[in-house]
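Can you join these two chains into the complex? Each is in its own frame, and there are hints to help.
In the order they appear, the protein sequences are chains A and B.
With our numbering, letter number 252 in the first sequence gets 274, and the count goes up by one each step, no holes.
With our numbering, letter number 44 in the second sequence gets 67, and the count goes up by one each step, no holes.
Please keep in mind that the hints were generated in silico from the structure rather than gathered at the bench.
Predicted, not measured: the structure shown is a model, and the values here were computed from it.
Even for Gly, the Cβ is constructed at its ideal location relative to N, Cα and C.
Some hints here could point you the wrong way.
Cβ pair distances, simulated, as ranges [what the hints assert, rightly or not]:
1. V645(A) / A308(B): 23 to 33 Å
2. E405(A) / I50(B): 31 to 41 Å
3. V641(A) / A308(B): 24 to 34 Å
4. R41(A) / V195(B): 38 to 48 Å
5. R41(A) / A308(B): 49 to 59 Å
Computed footprint of chain A on chain B; a stretch qualifies when at least three of its residues, placed anywhere within it, have a C-beta under 8 Å from a C-beta of chain A [as the list claims (entries may be wrong)]:
6. 58-64
7. 142-150
8. 193-206
9. 223-235
10. 257-270
11. 311-323
For the chain A half of the interface with chain B, some residues (derived, Cβ under 7 Å), not all of them [unchecked claim]:
12. S358
13. T369
14. V381
15. A385
16. V390
17. V662
18. A667
19. A675
20. Q833
21. G841
22. V844
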Amino acid sequence: MTDVAVDTVALKLSDVWKRFDGVAALKGVSLEVLSGEVHALLGENGAGKSTLMSAAVGSLQPDQGQIEVLGRVVENLNPQLAQKLGIAIVYQHPALAPDLSVFENMAMALGPQMREHGGEAKNWVAAQLAEVGCTAGLNDRVSDLAVAQRQLIEIAKALAAGPSIMILDEPTASLGAGDAEMLFSHLRRLASNGVAIIYITHRLAEVRALCDRVTVLRDGEMRGTFTVSDVSDAQILELIVGREVFAEFPPKAGLLGNEIVLEVRDLNGLRFHDANFIVRKGEVLGIGGIVGNGQSELIRALAGLETAVGTIEVNRKEVRISGPGSARDAGVVYLSSDRLSEGLFPTMSVRENAAVSTVDRFARFGFVRRRAEAQTVKEKSTELAVKASSIEANVLELSGGNQQKVLMSRALLNEGAHVLLADDPTQGVDVGARLEIYRVLRRVADEGVAVVVVSSDVRELEGLCDRVLVVSAGRLVAEFSGQEVQESRITNAMLSSTARRSLVGDSKGKAPGRTPRFFGRVTRVAKGDYGATWALAIIMVAISLYTQGHNARFMTSFNLNSLGLLVAALAFISFGQACVIMTGGIDLSVGPLAGLVVVIGSFYENSGRSVASLALGFVVMFVVSALVGLANGLMVQSKVFTPVAATLVSYIALQGISLVMRPFQGGYIANSVMNAINQGIGAVPIAFVLAVLVAIALEISLRRSRWGRGLRAVGSDVTAAFRLGVRTDRSLVGAYVASALLSCVGGIMLMAQIGVGDPSQGVNYTLASVTAVVLAGTSVFGGRGSFVGVLLGAVLVEELLNVTTFLNLSQPWQYWFQGVLVFVAVGIYARAQARGTSRRMLRRHLESVAA
Amino acid sequence: MRLTLARWGKSGGIFAATILLFVFSRIVEPRSLGGSALAALWPFAAILVLAAVGQTLVVQQRGIDLSVPGFISLTVVIVTHLPNGASSKLVPAILLVFGISIVAGVVNGIMVTKVGIMPIVQTLGMNAVLYGIDLAISHGTPTQTTTALQNFVSGSVLGIPVPMVFAIIAVVAVEVVVKRTVLGRRFEAAGVSERAGRAAGLSVDRYQILAYVGSAMLYCTAGILLAGIISQPDAFQGDAYLLPSVAAVALGGTSLMGGIGSPIASAIGAVFLSQLQQFVLTTGASAAAQNVVEAIALAVGVAVYGVRGKLGSMLRRRRAASVPIVASDAPPSGPATAGGMASHAVSTSERLGR
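Here chain B stands alone, though its shape is the one from the complex (with noise of 0.2 Å):
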């Protein structure tokens, strides 16, 4: 259970950060804590919970995707636009922004895997396509949002506001299909290594576009319900959601290099951060100190996690597993494993004499 334990761990660290902040939050500005700082906090971290689980599928297949913004810039912008504050034609609305979303998230994928563009420059033009149809529709200007969208977005489930239900409900299922299923044992596997992927017979491509696709629509969820929280939202409302998205990933511990990430972790990452703004805020310092919070914070994230990450591959090689696994009650057999390290050992030197 020791890879479990330190998975959890993994996503643990943030876990105890966040607490700490809360705990540190309510002692020193209990005000940051306060029922109307947390109405306030709650809906805009669940938007960027989703961004951040999106974000953290392509991160996991050694991607980036800087077109968060556009993805939810364009989802508010129909949305509100296309009904014009008739309810009648939200859902209609929901149902093409949906569908742009995922052929814009299939794009993206086959672009990266097939023609082979890099993924940064990749989103980041796609980034720039879709905030073109978001100007075509809305001309950059304003519109009301449908009462019913407001309505049902102000609502709360149990007490928890929907935003954050939505964003439960995505983590949740996000987390569970990835450490749960097949597809995504593989969508894991694939993330860690594309060669020996590949060489497993594993359709790498397939699950970096599934990546795209599926950060794609949690966007849209995103860009839904940000239309719902703002009365009157902006054609720009998904340019404050790309640097924190990756914030969180690096937070929570998925390396941008890709591999093994945890959504969760990732979602504990976004929480984090919303709370740190809010903090900031009720401080009273400005807005623009929240930035420099921020970049300390994501600065302390990533350098606690590569260093730990360098430990931990320099304590494994020391550690040798020389214990036998035993399924029945076979008797261990072989000699020990010392002879094996060493010409493993040899084996890299080779490698790195090369």
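For reference, chain A alone in the conformation it holds in the complex (with noise of 0.2 Å):
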């Protein structure tokens, strides 16, 4: 802990601005935090708290302000700096690596403490954990915690860095009381020993229990700093909401007659719990609440986007919403709060955008004709008076609230809907927008339609709506009508309510997962980093036994040999495929790189030459290969090219260059370079073993150094790796220039091999390694994988080639073998990571919370 006197100014911000895409998130706020106080931060969604805070930490670099902190100017920061000075952050979203362990995530965040602790280091993590309250066992994996575990690991991260001035964003919402009482007693300790600390939160509640000041920001802008004792809720509230007038909203009609179109009952998911209700035709029904608290899962699941379980009834009906299209089938539209992500179709024009649901109305034999499209869609538009320069125009130009409309519009157009439902339609939306959204739904439910919005805007539940439910902690805890639908009252239902996550968010709890009786253990090895690695040992010496037994020959030493070699080469360039693998990319031009290592060599390595041309050739290889990698780096790294596009211009370039420099094979390597590199002991080839250890090193670093962390970070999670304080880029750059570098020495054994410049050897080899790179069950998407998998992914590559001439089994099954295994291996592995829920799955999970 730093001692710092009570009172001095720890985090001073000046006149921060911050634009995005032009315009201002931030404007010109200041902010000073003392020493030994706990500041409150509150302001609505979208106010700019989190950029502010952002801005803070060097996660985000303000456009112009100036940032201090305990007294000393600081230029660009960033997060690795700002753990230097001091700086701890809770994000909401914990800022973990969710394929790394609680360890791993929590050495990499601490490096320096880590490093103090020495020997003791696993004792001293785990002993910050307990302090918390946090019951995840180091070598867990962090996705396969609950939230409210991944919260707790998050602030044990932020205490055990010993801030001199600690952030946190709403940390309590996922948090049950008893985890939340706890963090309160720290804060409040940390704060006497002279810490300063940054309370973000939607509860007053909080503020009162807690903090000494709070600031209020609105709209980007500073509404003011005030001590807590000195202002009241109301006053509070009044700043957090502002002056903004809302003019009318749209009158609220009577209902039309008593028919209920949609029912809802004893409806459960991993989010909600037990909701029973129903919306009456020409009803707005609101669902209230903090965001977070189930609300929007909830509709989500009447979407079909969401697994739940219980009875949906529309129009009387028992409808089974299994999917998003059995909904729509149902007559249930969706309104996604996440406009731009999962509502807009980015690239599309206003008219695509407005019929893609409907857009059969206008067919004829199965081809849309445009004008009446068109003209449909252009009636729709200038009824709910969509701003746009054409229908054309790509719907990214438009506004919010245009936006938003725009797919309100999609949804009027769908005559057979019977329910809307939709997630803060109003969110990011402006003022005059907003009340023509209003009016639309209110429109929509005087044609007939159960309308149902979910919204964390008091204000805009009470103007709009015919009766509102409240949801807390994934509860219906109260529900208003008529003249009972009031700002207060919902405020007061939203903020007092003592229920607490039950299910899912109970720190005890880990996420639902698969985890059946009978096979509960096979997945958990599958899940593991490991699991592959095992099941290519069992299938290796499976196949290595039985083609004994059909064949004496395989194991001589002579096959063992020639086998290792070949192993040795696959095994390098695999591992560099591996590398880059595991940082969601793939590296295409392994091959040919492989391939111009060999002609390089033909023209350095020949016989007669003194040793200093030899050694020029190796280097030689080496300079081009990290070259070739740091332009594959650099490519990727710019987001102009993807991967694939990236390593695929490499391919063609360097299978071009490799031609050029040897149209025919020539060149012969010289012997003593050759057998000086394939030289073995006894039936194992020293390069077979230098493949091994190489494995082991990399697994070593992968599991315990920075730079294997930070790998497998980026790839797991590139912001969460970026807060954790991974230099991200130069995690990317490097892993493309590793990956040249060991098909570089992939190259070399290769050259050793063949024993002449052929340009067309290398090529294969990047199938081959991306082959054995996914059978060692490396995970395409990132972040998990194992070098010592890789190796035996190799192994049993080349191994299947091999035992095909002794099983006298014709070349065809070389490429069966191939394909079958890439299926079954990545199929289980698929499986075995599938992060989705199924039905099944949650009612297990279910019972056995209920028991």
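Written out as structure tokens, the structure is:
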């Protein structure tokens, strides 16, 4: 703990501006936080709180403004520097790499502290976790943990850094009551020791319980800083909401009879429980609650986008909603709150976006009648007052409100709709467009459609809805209708609910997963980093024994020796490939690069050359390879090229260069060089031993070193990796350079085996290396893998090619083995890793919780 | 009509580049456009066009198809080895190979969508399986193609060589289906955004499977034609088409990350690449230099589209479209959108901030 005198300024932000795409998100915000105080930061969603804090910890660069930490002006702040300066942050969405273990995540974030504790590091980390009541094991993979556990790890990580400034972004959103109380006592203790604490929250009760001063932001501007005891809740609320005048809402209509359009009974999901409610014809039902309490998941379940069990009836008929398609067939239309990624089709026009669900209405014999389509879309757009240059304009050119209107016109064009589910429909929408959206929603209801609106904006619920349900911790805790629909009542119910998460958010719980009793252990092994490695070893031994049984010449030292050499070359190239695949990319250029190394060798490594010439050859090979890797890495890092495109360019170019240098075979490699590289100890080639040693070394550094953890973290979650202090750009480029250098070693071995400059030899190694890596169970989504597994993958690929001759199998078997193995390995792995939740899994989970 | 223009502009880039290339070839190396050169160019260009259009379908659905060589090679082997010179057995062989291709395409699609295997891995494995069948039939040896196929493929319709006729028909058919039909519209939408597609109730999986099946049939067609062009095709004829097919897609401006693509633009990209090869060959440069030139063309192509895409989205944000859409003579209503842009940006920042 740094000893700082209480009441000195720990963090000072002056006149901070940040623009996104030219529009200001922070407009000259200044903030002073004192040592020893807990400073609350309040504001609506989108007020700029998170942006401001991202600037304070350097994960985002402000356009303008000054940051002073403990009286020192800091330029070019980045997460690593922030860590060094003693700033720790607890993100709302924990900055943890999901594919890494708890310990590895802690170790990455806490490098210096870990070194201090040396051999005791593990115990120290365990103690830090115990301190905050986290029950996760050090070796548990973060992706297997429940949200609450991850949040506790995030907190422990920040506390363990011994910060002098600590920032917490809604840390209690997913915590149980006990955990939250524990956190508060830690924060009070830290503050009394002189730590400056910034606490972002939506809960006024927490501000009262914990904080000394409060700053309110609104629309990127400061609304002021106050001593908590000097202001009332009402005053704070007014500062948060602002004086924005909400012109009139559309009049609430009377019900169109008592007909029930939607009925939900005992609906249960991972984030909501025992939901029971109805929506009548012509009614607008609001669902309120603090963001993240399960209300979004509830309506997503009705839209078929979230797994749930229970009964759903539309127009008094039970419907089985198993996916979005069946929801649409049942007449349920959904408007996502994530407009950009789940609502709009970004590169398409207003017309195409509006008509996508109903385009068959304008079709004759399957062909779209453009004119009829354009006419209808135009009419709807006029009706909803969509402002755009034309209906052919790209939908991204529109403002948020108009984008939302386009999505609503999509829903309105659907004449079979009975239920409209709108998740936060006015998020990021300006006032004028907001009113129009309210008007449209009301009109939809008047046409007899049941409308359900999820919103965190209480004023909106009050003005728009006929009836409002309040959700807290996944449960419906209050219902208001008619005259009761009042802002104060709803807010009160939202903020005062004592309900805490009872199921999945439970701090003891693990995320539900596939853990059927019988296969439990098998699945656990398969899900581990070494699952595939074990499987490969078993298959390899089985094939060897079988082959030996059929043909005793298989296990002769001659065959094992040549097999070992082949494996060594492929193994090194595959190690390179694995480095890149671990980051979530792919390197198609490894094969041609190995080929180029062979060709380069054929110019230098000839008999009769001086030692200097021989050595120079190797230098050239490595330098060329490093440059190729650098070029690949920079292309990928530029984001202009996908990994496939970038390495495809290199692939073609390298292949071309090889062919230019050696249009035909030529340039014999000196026997001395070949013998040196190919020599062995008995039946075991030294090259193979080297491959084993390198595999082990890489494996250890993958698990233990900062490089290896950074590599996996980047592949696992780039943003989290960056926030954990990984230099993500270097990690990424480094992976391509490492890939090229390892391929170079593979190429040298290849050269010694071929013995002549042959431009066509390397190419096949690209596909073989991908196969070996994939066989090893390295996740093609990045983040996971094992070099020992890759070595075994390489062994298996070469062994399969080899045994076909001993088993008298024809050549096609080489291909079939390879193809089928890839399918089986990846298929099993993809299933073991599947992140979705099936209905059956959900039921089992609900049962286990109930029991 | 702006977007339509913009789209035309997309294929316009490669179209202009291709014309420039031909003009340049005419001036610098007239022989590369001589009668014999052209006669050699078009049939092979047609094969690449078919492969590139197939690749476009898969890339549009955010995939990539590495099984192009397997499909083409296997097709060539089946339509040459099974008839083994007997023209009467050609039609059954063609039917068989179409059947196999469709099944393999369905398997690719199902494994990618339902089992969750990455496209690059799935198609890599499929390539190996197809080559296994290829070698089981051919034993790696070439066979004389049937005279019926040879005669058919070497013919021409209205002066256009038969392979090119097939390529043109295929391109037009795919373009019409993708751009003009209900199926095509939803196919494109599912490719642009899987999440939005799902939320809108589209069967995203079905369109992906369709992409793999459609592309398999295009490769199959390419393989049949190729077996007619070469008198004694070997077992590995498809190998030469994998990378150029991806390159043609990239040159045609379809993002390798998926989304809206243009089959026509990919086809023009294929012609561009073919002529580029031809040109480099006739300048007397080695076949090898060809690869280097191709790599440069691909890099420039991807970079140009990539950078333009980035600039485009930046410009888009700045341009506030504030004209209300008017169908009849309804008066424009509602306040200006400046505030809308601001609050939109705030929500963006909030997302980035987290």
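These are the hints, each one checked on the structure:
| no. | hint | result |
| --- | --- | --- |
| 1 | V645(A) / A308(B): 23 to 33 Å | holds (26 Å) |
| 2 | E405(A) / I50(B): 31 to 41 Å | violated (58 Å) |
| 3 | V641(A) / A308(B): 24 to 34 Å | holds (29 Å) |
| 4 | R41(A) / V195(B): 38 to 48 Å | holds (47 Å) |
| 5 | R41(A) / A308(B): 49 to 59 Å | holds (50 Å) |
| 6 | 58-64 | violated (count 0) |
| 7 | 142-150 | holds (count 7) |
| 8 | 193-206 | holds (count 4) |
| 9 | 223-235 | holds (count 4) |
| 10 | 257-270 | holds (count 3) |
| 11 | 311-323 | holds (count 11) |
| 12 | S358 | holds (5 Å) |
| 13 | T369 | holds (5 Å) |
| 14 | V381 | holds (5 Å) |
| 15 | A385 | holds (5 Å) |
| 16 | V390 | holds (6 Å) |
| 17 | V662 | holds (3 Å) |
| 18 | A667 | holds (5 Å) |
| 19 | A675 | holds (4 Å) |
| 20 | Q833 | holds (5 Å) |
| 21 | G841 | holds (3 Å) |
| 22 | V844 | holds (4 Å) |
Checked against the numbered hints listed earlier, the structure breaks hints 2 and 6; every other hint is satisfied.
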